[in-house]
Each structure stands twice: as C-alpha cells, then as structure tokens.
Amino acid sequence: MATAIPTTATARRVRSTERSVGAKRSTPFSYATLIIVSAVLCVPLVFVVSIALSSDQTVNANTFTIIPREFHWENFTRVFSTDLPMQRFLLNSVIISAGAVAGQVLSSGLVGYAFARLRAPGKNALFIIVIATMMIPAQITMIPQFILFKELGWVNTYLPLIVPNFFSNAFNVFLVRQFVSRLPSEIDEAAMVDGLGFFGIYRRIMLPMLSPVLIAIGIFTLTATWGDFMGPLIYLNDESKMPLALGVQYITSTSQALQAPPWNLVMVGSILLTLPMILVYYLGQRYLYEMDISGGSAGVK
Amino acid sequence: MSRLRRREALWFYLFASPWIIGFVVFLLGPMIASIGISLTDWDSFTAPKWVGLDNYVQALTEDPVFWKALWNTFYYAAVSVPLGLVIGLWLANLLNKGIRLRKLFRTLIYLPTLVPLVATAMIFKMVLAPSGPLNDLLGVFGIPGPSWLLDSIWVKPALVLLSVWGAGAATVLLLAAMKGIPRELYEAAEVDGAGPVRQFWSITIPQLTPIIFFNLVMGLIGAFQVFSQVYILTKGGPDNASQTMVPLLFDEAFSFYHLGYASAISWLLFAVILVFTLVAFRSARRWVFYETEVK
Numbered sequence: 001m002a003t004a005i006p007t008t009a010t011a012r013r014v015r016s017t018e019r020s021v022g023a024k025r026s027t028p029f030s031y032a033t034l035i036i037v038s039a040v041l042c043v044p045l046v047f048v049v050s051i052a053l054s055s056d057q058t059v060n061a062n063t064f065t066i067i068p069r070e071f072h073w074e075n076f077t078r079v080f081s082t083d084l085p086m087q088r089f090l091l092n093s094v095i096i097s098a099g100a101v102a103g104q105v106l107s108s109g110l111v112g113y114a115f116a117r118l119r120a121p122g123k124n125a126l127f128i129i130v131i132a133t134m135m136i137p138a139q140i141t142m143i144p145q146f147i148l149f150k151e152l153g154w155v156n157t158y159l160p161l162i163v164p165n166f167f168s169n170a171f172n173v174f175l176v177r178q179f180v181s182r183l184p185s186e187i188d189e190a191a192m193v194d195g196l197g198f199f200g201i202y203r204r205i206m207l208p209m210l211s212p213v214l215i216a217i218g219i220f221t222l223t224a225t226w227g228d229f230m231g232p233l234i235y236l237n238d239e240s241k242m243p244l245a246l247g248v249q250y251i252t253s254t255s256q257a258l259q260a261p262p263w264n265l266v267m268v269g270s271i272l273l274t275l276p277m278i279l280v281y282y283l284g285q286r287y288l289y290e291m292d293i294s295g296g297s298a299g300v301k
Numbered sequence: 001m002s003r004l005r006r007r008e009a010l011w012f013y014l015f016a017s018p019w020i021i022g023f024v025v026f027l028l029g030p031m032i033a034s035i036g037i038s039l040t041d042w043d044s045f046t047a048p049k050w051v052g053l054d055n056y057v058q059a060l061t062e063d064p065v066f067w068k069a070l071w072n073t074f075y076y077a078a079v080s081v082p083l084g085l086v087i088g089l090w091l092a093n094l095l096n097k098g099i100r101l102r103k104l105f106r107t108l109i110y111l112p113t114l115v116p117l118v119a120t121a122m123i124f125k126m127v128l129a130p131s132g133p134l135n136d137l138l139g140v141f142g143i144p145g146p147s148w149l150l151d152s153i154w155v156k157p158a159l160v161l162l163s164v165w166g167a168g169a170a171t172v173l174l175l176a177a178m179k180g181i182p183r184e185l186y187e188a189a190e191v192d193g194a195g196p197v198r199q200f201w202s203i204t205i206p207q208l209t210p211i212i213f214f215n216l217v218m219g220l221i222g223a224f225q226v227f228s229q230v231y232i233l234t235k236g237g238p239d240n241a242s243q244t245m246v247p248l249l250f251d252e253a254f255s256f257y258h259l260g261y262a263s264a265i266s267w268l269l270f271a272v273i274l275v276f277t278l279v280a281f282r283s284a285r286r287w288v289f290y291e292t293e294v295k
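Residue numbers (the numbering used here), protein chains in the order written: chain A, 1 to 301; chain B, 1 to 295.
Among the hints, a few may not be true.
[What the hints assert, rightly or not] Covered stretches of chain A, as calculated for chain B (at least 3 residues, CB under 8 Å):
| # | segment |
| --- | --- |
| 1 | 36–46 |
| 2 | 109–119 |
| 3 | 135–149 |
By construction, these hints were calculated from the structure, which means they are not laboratory data. These numbers come from a predicted model, not from an experiment. Quick reminder that beta carbons are idealized off the backbone N, C-alpha and C, glycines included.
Chain A with its partners taken away, still in its complex shape (with noise of 0.2 Å):
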C-alpha cells in the first residue's frame, strides 16, 4: 500500500491532513473524548444486535443485555418463515420505494432542465413559486390529500405513497437546475446545430451528464421512503401492504395483551430496515459530494 503511486484521492487526503494539521493539535483529550462519544453513540446500536439475537425465553423474562450474550442467529431466518410477514413488508417496501425514486428521478430531471435551459414567458414568476413551496409544511395539505385519495379509491393501495413522486418536488427542481446552470451551454448549442430537437437535446446530451444529481436525488427520495411513517400510517390499513417501517411498528403496538411483543424479531426488523440505508450510504457517498451541492446552497442565503 505505502509504494502504490499517489492517485487523486490518496493526493487529496494528503492535502487535507496538511490543511487540518496548522494551528491546531490534536490531543490524547481530543481522542478519549471522541472515543467516548462513538461509543455512547454505538452502545443503542450494539443493544439491537444483542436483542436481535436473544432467545425467546429472553424476550419473555426481559432479560436483554447490550452485549450479546446469547447468539440465536436463526432468528434472522425466523422473521420470514414464522406467521409474521416480514417477507411481505419487505416486499412492499421495495415496490413503493422503487416506484417512488422512479417518479422523482424522471420528473425531476426533466423539469429541472426547463428551469434551466429553456426560455418562455411566465418562467421566473413559476420559478419563484417553485422556492415559495419549499416552506409550505406538508401537514397543510395532508387532510385534503387524503379525501383527494379516498375519493379515488386509492386508500389502502400503493398509490398514494408512489404517484404523486411522477410530479417531481420543488427541492429536487431546484438541485436540478442548479446543477444544469453550472454545465457550459455551448454543448446544447452546438447539439441544436447538429439538429436535435429539445427533447433530443434532454435525453442524449443532458441526462448523461446529469446521473450525478439524479442518482443523489434517488439517494434522497430511497432514504425518505424506506423509512417513511406517517404516510404508510394514513394510507394504509391491511397487514399485507404495509412497509417494513410502519410493519414492524404495527407487530409491537397490536402483540395481544400480557404478551410481550417479539423484541428479537421485531429488531431483526430493525435491522433490515437500516441495513440497506448504509449500504446506499455507503455506495452512494461519492455521488453525493460529486454533486457538489455547495454551489446549489448558495441560493439559500
């Protein structure tokens, strides 16, 4: 490792640790302290691993401790062949999450462009409304949503949670069309001469160049809907359609009375819900600060 010739990366870690280095110091204090914090911060995470693999005696005398003492790793198999659906959550959640970054990754990246690139009248008033609903909480429009839903027939199907993401959200306009302001618009000149159309122009020059922004926006929209509540709460009663998140509350608050709910399972649920958020952290990282959005946060002085 230490011979290898210095890439990029290895060249900017060097950079940074001189830049870091400076003025200030680090201290044996400095190292305790941080080494404390990570382990108070880790010691809830550590707890779930030990419930996850407790035995049902366990469960039932409440006799769980942070470190694992016990290793029932045939719980992790247990959640998707007792009579509890975690098979099914999982299922529902993949079905709503996809269709949910499908929607705000083609809206998103269309409308983007327009407030970008193209001119019309009408544009920067649209513009100034599309910053103005950012500050609109969506607890305003929940009720009204709702009837809009249950007059459709919607409630208690996938749709609510997913169709509304194919009409894109201001946050993801606005990253968008930042990020396309940056792009030198010679290239879609120089693409209008060569006789491509708008359209033609958004599907081969732009969305290429674009699958930074949009594949953070995916990012954005996955973590939002994986771990998404409230919606799932209103719209969703059956057992069978509900998402991991809501699921695995809903074993906890409906266990039958003088029975404890199934800890160990539930934080296998638990487990599984935040597995595949580190896993999308920790493959996505890079397209996050690709992205750059310090230039896009320069709009929210």
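We have chain A; now place chain B onto it with these hints.
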C-alpha cells in the same frame, strides 16, 4: 415572438408540466381546500357544516391540549436544535484536528443518522425502559434513573436525547464546511499570536455562520414537525406531557375525524413556523457572515 422562441416556450411548459400539474393537484388545490375545511365542522362522512373561525377560536381559547402541545413543541425545538448544533460543532471541530482514524470516528458518529426513525424509536423504547441500559448506566454512578417515557417531567428530555443521537448529520455538514475555510486565515491569526481557542471563535465560527444558519432554520422547521418519535414512543403521553403539534393534528384528523379542527391546527402550525423562520432570517443579518458582503 419568433417561431423558434414560441417552440422553446412550448417545450418549457411541456417539460415543466409534471411540476405544474403536481403543484395544482397536490399543493395549490389542497391548500385552498384546507382553508375551506378549516372553516367547517366535518367528519368526512356527513356533509360539512360551516362554522367560520370557530375552529381557530376553539384551538386558541378553549383547548388546553392545543396550548400544551404548542408549548411542548417550543420546548423540544428550543432545546434539541441548539443542543444538536453545539454538539455537532464540537464534534466537527474535534474531527477537524489532525486526528488519526478520522474516517473511522466520522463513520461511527454518522452511523446513528442512517438508522430510519421508526427503528430509532424502537431502539430508544428499549434503551429508555425503566430497567433499560441507560438507567443501568446511571445506576453504576449511583443515580436512580427516572422511568423516562412514563414520567411527565422526563419524557421531553428523553425525546431530546433521541434527537441528539442524530447529531452526526450536522457534524458531517459542518466538518465539510470547516475544510473549506482558507488556511491562510489561520496562518495569519497564528502570526498575530492568536491561540487555538481564539482562532476557533474568531475564524472558524464566523466562517461557518452561513452553514450554522442553514442548519438552524432546517432544524427548527423539522423540530416543529416532529411526529414519528412521539407517536411511536409515547403517543403524546403521559397526560399530554409529550404531545406535540403534528401528532395532535394527526389524532384529531385520523383518530377522531375532526377534519375541520385538524385543518385549522395545520394552519396555526404553519403560522408558527413562518414566524420563527422570519425571525431567524431577520436576526441572520446581524450574525451571519457572507464572504461576498465584505466590501
């Protein structure tokens, strides 16, 4: 307008149509409907009855739970947002020193923020149990821990504790911003004989004010809309000691079918958020430092 310009405008409206349709159908329409509903007494099964401003008057003058929820929401926002920022700043500053294993520490601090809120709430239900690990830990130091979620005095601090667990999100943003501070500023300060503490207060903090401000505004808006934690952990109890605005509005709408009253509460919530955002923006002129403003 030339033919080309007209064609371009047409394409703009075509491309922007998803947002325009979404705006009308999912935002503007519902907003107007929400104002209308808030002026009625409606259970969604029978015909709505016009009551004028009664719902607003009832919330503001007759409903003790509304005021309690409003106060609890203020309490939560006022404690959790600044606390999260201070801790985030402190951790970012620690990580910004030439520290070994920085990437590992950064990941460990960020990890809790990746756990979806529902799972977080489940975890804290166990952690904060009367005989849970937090009270075990306090017991080691001889402190008898309260039964957090069942005690009307301790339930709000418990929710704050849960929010602080996610301080890593702010840490990462602040750390990124710290990296962007020109090194020359620190070198110049060092030449002038400023120590690390002085440098932190006179360079790091002023340079970070835009991002601190951004976090403050976003944090306040988020805190006013706190829902899942409260709903899962306490359902607003005990005795409404942890009831906040959104769970209250949710219960009124979807448990009691008081759609008119719930709509009125949603507008009152909007008003509160608006006032706080405006105050934050006003105060920002005094303390937020923008490079471009230096003449």
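Do the hints match the structure? See the list:
no.: 1; hint: 36–46; verdict: holds (count 7)
no.: 2; hint: 109–119; verdict: holds (count 7)
no.: 3; hint: 135–149; verdict: holds (count 14)
Violated hints for the displayed structure: none, as all numbered hints are satisfied.
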